[in-house]
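Order-wise, the sequence lines are chains A and B. Once you know that position 217 of the first sequence is 217 in UniProt numbering, the rest is easy, because the numbers rise by one and skip nothing. Once you know that position 186 of the second sequence is 186 in UniProt numbering, the rest is easy, because the numbers rise by one and skip nothing.
The set of hints was computed from the structure by calculation and includes no laboratory data. One or more of the hints may lead you astray.
List time: in silico SDA-like cross-link candidates among lysine to any residue, alpha-carbon distance up to 20 Å [claimed, not checked]:
no.	chain 1	residue 1	chain 2	residue 2
1	A	280	A	347
2	B	115	A	347
3	B	112	A	326
Okay, here's what each chain looks like letter by letter:
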Amino acid sequence: MKAKFGSQPWFQENLHTGCISTKDALKFSLIYPLENLLECKSSMGSFRIRLTYTHTKASKGDEKCSDSAETCKRRKIGMSKFITVPMCYEGERPFSNSLENNSSDCCEFLLEKANEPCHFTFFCYRTPFYFGGRYLKYSRNVSQTCWIIDDERMGEASVEEIIGGNILQACQGDSFKFHAAGREDIDVRMLGPGRPFLVEVQNARHIPSELFVKDVEKSINNMKNKLVRVKNLKLVGSEGWDLMREGEAEKQKQYAALVWISRPLKDEDFQCISSHKDLKVLQRTPIRVLHRRSPLEREKIIHWMKVEAIAGSSQYFLLHLCTQAGTYIKEFVHGDLGRTHPSIGSILGCRAEILQLDVTDIKMECFLA
Amino acid sequence: MSTINKDQIINESNCSETKLLDETEQEEEEEEDLQKLLVPDVQNLPLTPPSAVESNFATFFALDFMKPAHDQYVYRHANGYNIHCFEDEGGITAVDFNVGKSDRSEMKVTGKRKKNAQHFESNTALCKISTQNDTYIVRCCVKGSLLEVNQQLIKQPELLNVSADREGYIAIIMPKPADWLKIKASLVSLQEYKKLREVS
Numbered sequence: 001m002k003a004k005f006g007s008q009p010w011f012q013e014n015l016h017t018g019c020i021s022t023k024d025a026l027k028f029s030l031i032y033p034l035e036n037l038l039e040c041k042s043s044m045g046s047f048r049i050r051l052t053y054t055h056t057k058a059s060k061g062d063e064k065c066s067d068s069a070e071t072c073k074r075r076k077i078g079m080s081k082f083i084t085v086p087m088c089y090e091g092e093r094p095f096s097n098s099l100e101n102n103s104s105d106c107c108e109f110l111l112e113k114a115n116e117p118c119h120f121t122f123f124c125y126r127t128p129f130y131f132g133g134r135y136l137k138y139s140r141n142v143s144q145t146c147w148i149i150d151d152e153r154m155g156e157a158s159v160e161e162i163i164g165g166n167i168l169q170a171c172q173g174d175s176f177k178f179h180a181a182g183r184e185d186i187d188v189r190m191l192g193p194g195r196p197f198l199v200e201v202q203n204a205r206h207i208p209s210e211l212f213v214k215d216v217e218k219s220i221n222n223m224k225n226k227l228v229r230v231k232n233l234k235l236v237g238s239e240g241w242d243l244m245r246e247g248e249a250e251k252q253k254q255y256a257a258l259v260w261i262s263r264p265l266k267d268e269d270f271q272c273i274s275s276h277k278d279l280k281v282l283q284r285t286p287i288r289v290l291h292r293r294s295p296l297e298r299e300k301i302i303h304w305m306k307v308e309a310i311a312g313s314s315q316y317f318l319l320h321l322c323t324q325a326g327t328y329i330k331e332f333v334h335g336d337l338g339r340t341h342p343s344i345g346s347i348l349g350c351r352a353e354i355l356q357l358d359v360t361d362i363k364m365e366c367f368l369a
Numbered sequence: 001m002s003t004i005n006k007d008q009i010i011n012e013s014n015c016s017e018t019k020l021l022d023e024t025e026q027e028e029e030e031e032e033d034l035q036k037l038l039v040p041d042v043q044n045l046p047l048t049p050p051s052a053v054e055s056n057f058a059t060f061f062a063l064d065f066m067k068p069a070h071d072q073y074v075y076r077h078a079n080g081y082n083i084h085c086f087e088d089e090g091g092i093t094a095v096d097f098n099v100g101k102s103d104r105s106e107m108k109v110t111g112k113r114k115k116n117a118q119h120f121e122s123n124t125a126l127c128k129i130s131t132q133n134d135t136y137i138v139r140c141c142v143k144g145s146l147l148e149v150n151q152q153l154i155k156q157p158e159l160l161n162v163s164a165d166r167e168g169y170i171a172i173i174m175p176k177p178a179d180w181l182k183i184k185a186s187l188v189s190l191q192e193y194k195k196l197r198e199v200s
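The shape of chain B in the complex, shown without the other chains (with noise of 0.2 Å):
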């Protein structure tokens, strides 16, 4: 009785062994499964791929608005809101939201509906900048609500020099459909921005 018995045991023993044998093979396998479908090919891999803007916002130039040689763009994303970006030729040194009504880095935005956003026309001053030599008003080109302006440039200003494309946008403003339709004819793509650059 007591050898049978053993040799149950012997055998349960193996079957449950075989059993996390199986099951750990398995789990290695699954493993190897996912690192096959996470490794990409590198071949296909471009050099340089397109940024997170260039993938996901459509840039319009605003050429010449309200004070020649100063650029101002928009980025412009599917879902209507638009980031309003500003070169320069370098050298700013303050940058202040406080345009006389009221300082545009105090409002607060709440809610899904945006509550409490202030309605800009398309000549309403955003901000002032100062460089070494001179001080001007940035105003927003295109008729809509502001949702936010960039306060990091309080701070950092010099963000407008290094990457004005980038961290260094100015604000988020978001115009109804009917009004973008409407400033669109009047705004250039990046193509004919080059062009018109290249020459004057």
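Next up, chain A with everything else stripped away, as it sits in the complex (with noise of 0.2 Å):
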């Protein structure tokens, strides 16, 4: 190894640590061939090529192996080793730099001589895309994911389905992952400046341009039904993720809703209201989520309130608030049989019922250009 490969860097850094792993080695011996074989580098790239050796005979040689702080987590392994080849086209946009590291035995054992040869496959992958963004949902009958019950759908459609599908289609992927920041129920719209959204696309065929990108979003607005909207559509990198797991019990969300009370509204009414500030709420598990939440009490913060009257009506209003997130808005209002209190109606006097509820901004930094 010594002699082939002295003059390399690479292979000066891992020389001090006294020995290379035989996964290295390997990938050593094998980059240079296979470069010049399909004409391109080895370095940066998102494609990716795995090289599954097995043997029966390996497992033997893998019980010796020494413990130490990285390896050996997976002694089953020891059937096959595969080592990753990051593969890329000149012209290609690189992306990540990191190559695929399975555990590599950093071990010594015996060295047995094989009778037979090992058995070899190779494997060609894309490493995922990310597509980062906010969406808007228009209708009360669309899910955010996909929603079916014994067979039957809820919902006329999901958000995932039309925002995954159409950015799926596009790139020529295999499949795909939603992830959202937070969720809405299925009657309850999200307006404003949208939820930030995440799709994971896996082997995508064809690799997107800002242009394309942009052309994805069109294609998503236009659709005729206007369910769903997408904003700022854009690729991301890995720091998507981290967007969006940022301050996740911190976010203040802001909603309104339409609201009526079994009396008049008062004058009084709407100081009163305007007046509680961070109101804190002792929320009881909702009867409608008991089935699948833990039956707790949870304490969350109203931060501000606002009447907003509605001209015609007496007994109807919108109310506007600004909440901490994983409050239960619903429940806030009609009191969920007093197990949420203090709630709308226990703070006017009265009965109160949500009719429509919208969600009209959530405060994240993310995907807001």
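Hints are included, so try docking the two chains, each in its own frame, into the full complex.
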């Protein structure tokens, strides 16, 4: 190895560790011939070739593997060792620099003479692409994710399928995963600047350019039924994840609710509601979600509230409010049989019901432009 | 040279001004659009909308169960949880969840799987209710596991007099699907209940 690669800088780097793994040795010896054969360079890129070598007798050697910090987490891989080689064609936009690092065995084990050749397979794939942006939902009959109960779909469509499906088709990928920063009920509209989301595309065949991404955004927004709208769609790297997860518990959300009360609105009510700043609310798990959440009492904060009168009605009004992430708004209005306290009903001293809810802002920094 | 530069500077500042104007105009437009979406059409609003309970639960009545003339009813949610409620003639002074074997208000159910929920038969006692003249026991009329009792009733028993159908609920119980189907046959819907109560 030394003779062949002594002049290469990356070899010298590894040399100081004293030993080199079989995996790396194999990789180094293969890279140049592969580069020549495929007429491209092996460096950064999203295209990966996975070479898998399996041998029936390989497991014996690994048992002698010494336990060091990173290695031997998966003892069973004795059957096959694989190395992954990133390849990129000239002119392709380099993406991530990471080489796939399956647990390398930095160990010394006895060399046994193998009598049979190993079995070799290769597998090509592309690392996933990430699209970030914000979505708006104009329909009260569209769920965020595909929702099917007993073979029947709830709602007429899902945000996930509309956005993810369009992106997947445009990229000619194998599959996609949809992630959003929080969610809203099927009958709640998402308005204002929209909710941040991330779509992960596996094995895209068509690498998107900036113009292409804009086209995808346009085609989603020009769909006939105008159920969902996308803003600021763009290709993001792995920082997209961090942007979405940032400050999740502190995220504030803003809503507009159509509220009915059992008595006419009084002048004092406006002031009364507005005067509550950072109101602490104790919410027991709402009955409608008891089947999938723990029965707990959660303290949430309502940062501010504002009553907007509706012309022509004395018992209906628009309630604008800004709350801590995780607050159940519907239950805050009607009180959930007294299990959310205080509630709009208890504050105004009457019965209150909520007819409609809209999310008007998600106060997060990501994907705003 | 200097005059050209000045013009350039003026032009640039004009450009950024108009850009700012455009942006604020756009923001205002978006605000207006949002407002239009939010404000409802007053003509279409019902005078009295259905309550959250009416929209999300189906009501079933247990008539003359164990003791005649005390109505028990159950709000059943689509997710299988039942809210048990109880109506009386009024005048309830105290509610006690300690029914001999254990205090129902003491038990704690934890986790998504609802561990430690007690299993009840349909004649298991839920609580003791005291009025001025009388004390009697309210029983769970549906077989299932007890999730929680309404602890507010201990401190505020008058809730049973004033809003038995809302804040004065007794307990939340989750029956197994098979058990519910069995008992459902003997329960009565709101319409039938109204008919029967008017007659008798």
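Comparing the hints with the structure gives:
Straight-line distance between C-alpha atoms of residue 280(A) and residue 347(A) comes to about 12 Å, which keeps the hinted pair within the 20 Å bound. With a C-alpha separation of about 34 Å, the suggested pair residue 115(B) and residue 347(A) falls outside the 20 Å cut-off, and the hint is violated. For the hint linking residue 112(B) to residue 326(A), the alpha-carbon distance of about 17 Å falls within 20 Å, and the restraint holds.
Of the numbered hints given earlier, the model fails hint 2 alone.
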